[in-house]
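J.: Sequence:
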Amino acid sequence: KPFIARHNITPGDFIQFAAAVGVSNCPGAPRLDFFLGRPAATQPAPDKTVPEPFDTVDTILERFADAGNFTPAEVVALLVSHTIAAADEVDPTIPGTPFDSTPEVFDSQFFVETQLRGTGFPGTAGNQGEVESPLAGELRLQSDSELARDSRTACEWQSFVGNQQKIQTAFKAAFQKMAVLGVDTSKMVDCSELIPVPPELKITAAHFPAGKTNADVEQACASTPFPTLSTDPGPATSVAPVPPS
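FYI, the numbering for the sequence shown is 353 to 597, going by the numbering used here.
Be aware that one or more of the hints could be misleading.
Cβ-Cβ distance ranges computed for the label pairs, FRET-style [what the hints assert, rightly or not]:
1. M540 <-> P595: 31 to 37 angstroms
2. K539 <-> G475: 44 to 50 angstroms
3. G586 <-> H359: 46 to 52 angstroms
4. T401 <-> P585: 42 to 48 angstroms
5. T401 <-> G448: 22 to 28 angstroms
6. D440 <-> K554: 25 to 31 angstroms
7. P579 <-> Q395: 43 to 49 angstroms
8. T423 <-> P585: 37 to 43 angstroms
9. P577 <-> I555: 20 to 26 angstroms
Simulated from the structure, these hints should not be mistaken for laboratory data.
Since the model is a prediction, treat every value here as computed from it, not as a measurement.
Note that the Cβ used here is the ideal one computed from N, Cα and C, for glycine as well.
All chains should be built: construct the whole structure from the sequences, respecting the hints.
T.: What follows is the structure, given as structure tokens:
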């Protein structure tokens, strides 16, 4: 609030700008667009308008379709964001628990690891919206697990594995669609040149974490086999928490 108060910017613009700049810090990310000119909100958003990790796939897809005519493929594209994400409150005993083994880079490991068979919980069991994950220190959302295995989204989910160009292109398009919902872009100013160019991703090949192979994949796409990937050497992978924000 102090920053917004000192500048001629609305909270909506500030949130979108901060998100685009934040993503630009991640190697492998696309350079996101930023349009300035969102009006100030006149009232709080109604409760329960953002899907929860314990919602069904039907509920999630219906909500995105209602909010902005998002297709199932675009919902999957928005979830590319989970490649650089972690959970603080799903299991409050272990804040900062990542959703994949490479939370510091914008890659396809999230789409590899969500399709591996779950074997345990990184912290306590019985948390709403959490299911078993395949790696120590990694948290899996129920919604991610179900979207990775639902017939409407499974093949699109799998198609991101090892496809860095598609990850960048699809996420950028879906993010931009989300960013300008409900506003007239012809009345906004394109300030995309202010967004830094993200660092290059040095390793783009998808891989299995140490200790995992194709035998651990829960194949969900009925039309295309899961890609054959190499396995990292060494002892079974354990994922460290991300630093506190």
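J.: Does each hint fit the structure? Answer for all of them.
T.: Going through the hints against the structure:
| no. | hint | in the structure |
| --- | --- | --- |
| 1 | M540 <-> P595: 31 to 37 angstroms | holds (34 angstroms) |
| 2 | K539 <-> G475: 44 to 50 angstroms | holds (47 angstroms) |
| 3 | G586 <-> H359: 46 to 52 angstroms | holds (48 angstroms) |
| 4 | T401 <-> P585: 42 to 48 angstroms | holds (46 angstroms) |
| 5 | T401 <-> G448: 22 to 28 angstroms | holds (26 angstroms) |
| 6 | D440 <-> K554: 25 to 31 angstroms | holds (29 angstroms) |
| 7 | P579 <-> Q395: 43 to 49 angstroms | holds (47 angstroms) |
| 8 | T423 <-> P585: 37 to 43 angstroms | holds (39 angstroms) |
| 9 | P577 <-> I555: 20 to 26 angstroms | holds (24 angstroms) |
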